[in-house]
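Chain P is fixed; fit chain B onto it per the hints.
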Amino acid sequence: MKIYVCTKSVADTAATIKLVDDTHIQEDIKFIMNPYDELALEEALQLKEKAGEEAEVILVSYGNNSIGEVLLQGLAMGADRSIRINTTNLFNDHITIAAVLAAAIKKDGEPSIIFTGQHTIDVEGMQTAYRIAAELDLPIVSNIMKFEYNGDKVTVNREIEGGDKEVYEVSLPCVIAANRGLNEPRYPKLPARMQAKKKPVTVYEIADLGVDESSAVSLTKFILPPDKPPAKIIGGSPAEAARELVRVLKEEVRVL
Amino acid sequence: MSKVAVYIEMKEGEVRKQVFEVLTFAHRGGSDVCGIVLEGDAEGCKGSLEEYGVSSIIQVKSNALANYDPGVYADAAIAALKHSGADSLLALTSAQGKDLLPRIAAKLKLPLIMDATVVNVAESSVVKSHFSGRANAEISLSGDLKLFGVRPNSVDPEAKAANATVESIDVDLSSDRRVVLKEVVKKEKLGKVELTEAKIIMSGGRAIGSAENFSMIFECAKHIGAAVGASRAAVDSGYAPHEMQVGQTGKTVSPNVYIACGISGAVQHFAGMKTSKVIVAINKNPDAPIFNKCDYGIVGDIFDVVPELSKVFQELS
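Order-wise, the sequence lines are chains P and B.
Quick note, my numbering runs 81 ahead of the 1-based positions in the first sequence.
For the second sequence, position 85 matches number 75 in my numbering, and the numbering has no gaps at all.
Hints listed in this document are in silico derivations from the structure and should not be mistaken for laboratory results.
Note that the structure is a prediction, hence the values are computed from the model and not measured.
One thing to keep in mind: the hints can contain errors.
Unchecked claim - With a Cα cut of at most 30 Å, we get these calculated DSSO-like pairs of lysine-lysine:
| # | chain 1 | residue 1 | chain 2 | residue 2 |
| --- | --- | --- | --- | --- |
| 1 | P | K83 | B | K97 |
| 2 | P | K188 | P | K280 |
| 3 | P | K331 | B | K267 |
| 4 | P | K331 | B | K172 |
| 5 | P | K129 | P | K188 |
| 6 | P | K111 | B | K212 |
Extracted from the complex, chain B is given alone in its bound form:
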């Protein structure tokens, strides 16, 4: 039977939630699933991985893995991948996955598709967005070993019970001294929820009018655990930092609900959020293009509607 390896990305000592989505694609075809753990403790996450079809875990032990070093992590993943005998490797298209998978693919000259929204491991095929969501492409990969990056929130996790073995391997790892990580600068968090992981997102556009007014969106979002995004117009006007930008040259998100507040709906913004399950627009201009692209619309001033929405959300929570 074919074997599929999945890179188990950790966050604050636990398996990152979206990894269960990746595992869902991995176990769907009936393949054996092998989890590759580079950081944290494999025994500690065994239980949760077993619920999603993982039947073996390979943990790479090395002091070199204590802190993220791109080259070292790639080499460690390669060692585990080869040890596993898998013919596919899946990982999340997260910030870490975006750095790790291409490094592995480049080093071994393997085919790689990033940000797939559907992965069919048995057939080595994927569906992924092209032209910022204006088309989907069905792509097939061939070769003895194929790599797949999975876009967060692409599938509802499906459980599959398994019993997992845990194996530790020692790997000699040395860092590439040409690239040295000097420091990690932590930004004071604007909200608790990461945009690309959020199930609910509220975004503000140019109509917000000032950086201070964004607090109205944060206040409303807080009640339902939503992340807060911004349009390029809001970012360019200095109302929000770039890391909040959703759209073609910002983040691509696919939450269950995307609430666009005072966003006119440029094609480029739509490109970053069109795969949201439900899109809601609040805008005082009834002719705003966003109303052609959303599922539900409220024609009204955001400064009237958002505070009301905030009250209803507060009742819910």
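So that you can see chain P by itself, here it is in the shape it has in the complex:
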């Protein structure tokens, strides 16, 4: 059983984004595994533990130099090996990203399940999982908060609105996109990090995969939001402050 986990390295949530030029950010910041992909990996590892020895968890990532560190973290968490595809462009078209990931998986083996995060926190594209599924003609369910493996199919809960859930039964092979609430990702222990360095890494260049790069979507420019002026602090007793706040919201900024 081959369980693939597609992961992306993304700018750390706390990193300050600075621009080199209109379409490039400074890349000397900390990169982390996309938090939703961590959930995907954790679920894959739990599935492997359940499915037994013959199951294999394989990380797949398409990204810049920073993916080395992210893949190492994933291997330390317990993935068996990794596949990396190099690019220097942090802002590829999603059509290309999905085609590359799908082609790498196809070249590597027959997936039973492909896990990934429901979206990445850098470009917030919200579509790669669907496109990977379409490339490989697999069923997909996204926004998954609960996952149960029952042999040839899986039962998943997907969050819709207002806390309502849809329960799906999906036959294998399939693509599952993880949402928060699915699990609590484990922290790799230090010895595991040392062992992770010895795990196999396959490197593909995009030319090896026969993927035509799409340019249907292109980044024109980044605009950094202006700094907010300092907050106006409303003083007085709690009762006075509450009354003044409502007056300001109602009469001055007219949002009530």
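For chain B alone, coordinates are given in the frame of chain P:
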């Protein structure tokens, strides 16, 4: 003239309010706007769509559309889209839009931008958040057919009178048996207002101290029809369920007013609500980072201030 298709999402038998925001982006460039209706009755919603520039409506008729089935809905939308001859499709980045648009895009290998805060249909360009709101990106799309998801509350709806024709098309639809919806589990609603749709949101943080204390926030919110959210700290402490979480790994909201109660203001929380028009913070710690990010602040204990706020809101309503 170019034609723009808009997916008309319904809620409880009526056009979902935020669809009028999507229609605003659709009709702004002067294009013909075609509404695609998959559920409910096109004649019934014709009037309201005409007020927002819709000049044609295509309704897909099929028994297969009676209940939501992701593959079937995507196929039905594709059939209507092709029938319309439109060169763009816009829809709301709602729970349904988040499932529908990527399915259409993936199936037809079309360019798609989700969660855009500005859509310029004439120029095929959008503005959307990157890095959880730490940057905005201007993006352009090319091709014969482009898809756009619009973030709720991104624009004030602008009316534009039109007369709409209604056309029904029959489409053969069959569901993908590899994915079967077994049931929909309805959750007992915590509040009446959906977080991502709300014009006013009150959120509680770690300082709330217990799940029971959240009732103070609900009580206050009730008087002004506000939705109630929570910070990750409050969710992780078990004071609120995950679906109430606002922030990087929770919901992204952009109400007119966001009132953060006892929330210190982590970057990750800010990421989920920074596009709110006005941010108010109530916190007893004057050095809380939230005071660097809000428009108005009250330095005080939430257990003193929120009940007072509740009284003033009650007078308003």
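- Message: Next pair to validate is P/K83 with B/K97; report whether the Cα-Cα distance is within 30 Å.
- Response: Holds - the C-alpha atoms of B/K97 and P/K83 are around 25 Å apart, at most 30 Å.
- Message: Need the status of pair P/K331, B/K172: alpha-carbon distance at most 30 Å?
- Response: violated, 47 Å
- Task: For the pair supplied as a hint, P/K188 and P/K280, confirm whether the alpha-carbon distance does not exceed 30 Å.
- Result: holds, 19 Å
- Within a Cα-Cα threshold of 30 Å, do P/K129 and P/K188 meet the stated pairing? holds, 21 Å
- Going straight from one Cα to the other, do P/K331 and B/K267 come out at no more than 30 Å? Between P/K331 and B/K267 the Cα gap is close to 13 Å, so the pair holds against 30 Å.
- Query: Is the hinted pair P/K111 and B/K212 satisfied, with a Cα-Cα distance of at most 30 Å?
  - Reply: violated, 42 Å
Taken one by one, the earlier hints fail for this structure at numbers 4 and 6, listed in ascending order.
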